[in-house]
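Residue numbers (the working numbering), protein chains in the order written: chain U, 2 to 354; chain X, 2 to 354.
None of these hints come from the bench; they were simulated from the model.
Mixed in with the good hints, there may be bad ones.
All copies of an identical chain are treated as equivalent in the list; a pair is satisfied when it fits inside any one copy or across any two copies.
With a straight-line Cα cutoff of 25 Å, these simulated SDA-like cross-link-like pairs (lysine to any residue) come out [claimed, not checked]:
id, residue 1, residue 2
1, Lys325, Trp178
2, Lys209, Lys325
3, Lys341, Glu351
4, Lys209, Asn328
Protein chains: 2
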Amino acid sequence: MNTCLLANDEYWMNIALSFAKENIGLTGVNPSVGAVIIKDNQLLSYGITQPGGVPHAEIVAINKLTQDELKDATLYVTLEPCTHYGKSPPCINKILASNFERIVISTLDPNPLINGRSTELLNNNDIKFTVGVLENKAIEINQGFLKRIKTGAPFVTVKVAVSLDGKIATYKNHSHWLSNEYSLKFAHLLRFRSDAIMVGKNTYLIDKPKLSCRLPGINDKKLLKVTLDRNLKELYPSDDNLIVYTLAKSNQKNIISLNEENFLEDVLNDLGARGINNLLVEGGGKLITSLLKCNLIDKLILVTVPIIIGNDGIPMIENLQIDKINNSFRLKNIETFNLKGDNIQTFIIENKE
Amino acid sequence: MNTCLLANDEYWMNIALSFAKENIGLTGVNPSVGAVIIKDNQLLSYGITQPGGVPHAEIVAINKLTQDELKDATLYVTLEPCTHYGKSPPCINKILASNFERIVISTLDPNPLINGRSTELLNNNDIKFTVGVLENKAIEINQGFLKRIKTGAPFVTVKVAVSLDGKIATYKNHSHWLSNEYSLKFAHLLRFRSDAIMVGKNTYLIDKPKLSCRLPGINDKKLLKVTLDRNLKELYPSDDNLIVYTLAKSNQKNIISLNEENFLEDVLNDLGARGINNLLVEGGGKLITSLLKCNLIDKLILVTVPIIIGNDGIPMIENLQIDKINNSFRLKNIETFNLKGDNIQTFIIENKE
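Isolated chain U, as found in the complex (with noise of 0.2 Å):
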């Protein structure tokens, strides 16, 4: 039975949504989720789905109770619960058999084999439920998994260090150190919360970037490392952690040969399909330049550090040929905070086709 929004939902909503975020980019293809179950406003228990994406938090919130605790509790999901055979059983299932006396879910899943049918499960068997609390925050935390379920692509963050100018390095392709070190942690921040990382082939050649995260206390983290390479003159290692996509033939297992037509677009969908939720992009500017000219960017953000390079430096965004100013690509800032002096700021590109 589909009941409305209670007194303290949001409250309860809201710390299973901080659990979520904690496994954002340790959860692979899955979605990271949080869950909660609470019992006379107390909270009882709480799961996460863990790394590597099983168990699923529902599963690991159920499993510290007994059936006595369980009885006529109310359970808070981020993510409608599964309801088919993945890696592990429905989730469903054992929710059906936990005698809740209600389900509070922030977001549906939009994958057509699960979307609204835990409701109607959970309708036909009695037990109350709400749909849609603090949903735009479920949202953003699996921005990710939500796109690649609905598209088949990645959530598409270009991060890139400029200088007030617009400047990603000096003429002489110098841009060490650009940002200061509390934004570099940040961008291995960014790195961590990712799937896969990707550059263009000069940045892959001239900076020679480790693209790892590298961070006090984690040292196992998985990171897909993707560049493009459309003519591959260069040699590439053979190498199960990267990806090179380009026009060229080749049989190396890690070069993908794709075609010139919408070849932005099927690197993409590639990706997607081995389950890359979310794709950090690190620049150069020529690659940046492309995403945006084919609308690929979700989100950009824009470190901006306190010097000035010059216009012989190397630009953030290549030629656009606008005329007008009406016709540039106009942004909408989501987000802004200072690191020491290095300005982070988040956009969306808001006149996307």
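Once you have looked at the hints, place chain X on chain U.
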């Protein structure tokens, strides 16, 4: 007698400073000063330097009170009272005749005709005084006056509206309107607080800016217009409100010929000699670049607009031949606020030589 800070000194000085702020940009060659008179911890009177520069703040405040009221009161004044005959007799005479118990001064006047003379006279007359209360605020309010008195040149504020990628116009020189209506109003407020406004020749000829202060209720703001045209191949109107600096020879009254060596420094010194305290520079990129290279920018106000124009747009800063990040111009952000999407950031240049 020099006394230490008393309990409410900062409180009352802050109020005097607020009054001082009101007339910035209206007092001509004179500083904008605020004064309050306090007795028994109550505000008896206040004064601000009047438009045009006279009467001075102290006189305005004193003239509102009787000798009885003034007796044993405390005068708070944001700048040292004058001790010489200018447009008006020395304020210190009126102060000495007013039987104040104590005088509190925020900052001394660096004018060699005054500097410390007033406190000497207070001392000789056995009147208690304190100097240096909230001095940084007083210095900021009269940054233009103080710089001109010390160096002969006005305080140079550069204001420029740029895209996220550091462009001030499209490749077709189209820039209307880059910033939003709120930032445009802010730009006019900056003009209101300035004594002169300078743009490069190209901006003057291509944009044909009115270079006037257009704010509701403001009709008579005096603002000297300045442009630079080294070769003087263009015709300029003979206009008392416009000055054109050039390397060429000219008999026209408002066209000033200077030498090539130290051209920009001489422009500023000439403006200083004309009593200009605050100069606002509004572009274009060529002029801003020249000022930056000559280390002549005191404050840079960036109005960053959330659009992307592309690298073929007109840059805010031209080529600088900077090879390494360490050799770039390093700035310090001293204030940031957001006007409905446009980000207003104020910087000082840190590594001025």
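Results for each hint:
no., hint, verdict
1, Lys325 <-> Trp178, "between (34 Å within a copy, 10 Å between copies)"
2, Lys209 <-> Lys325, "between (38 Å within a copy, 18 Å between copies)"
3, Lys341 <-> Glu351, "between (29 Å within a copy, 15 Å between copies)"
4, Lys209 <-> Asn328, "between (36 Å within a copy, 23 Å between copies)"
The structure is consistent with each of the numbered hints, conforming to all of them.
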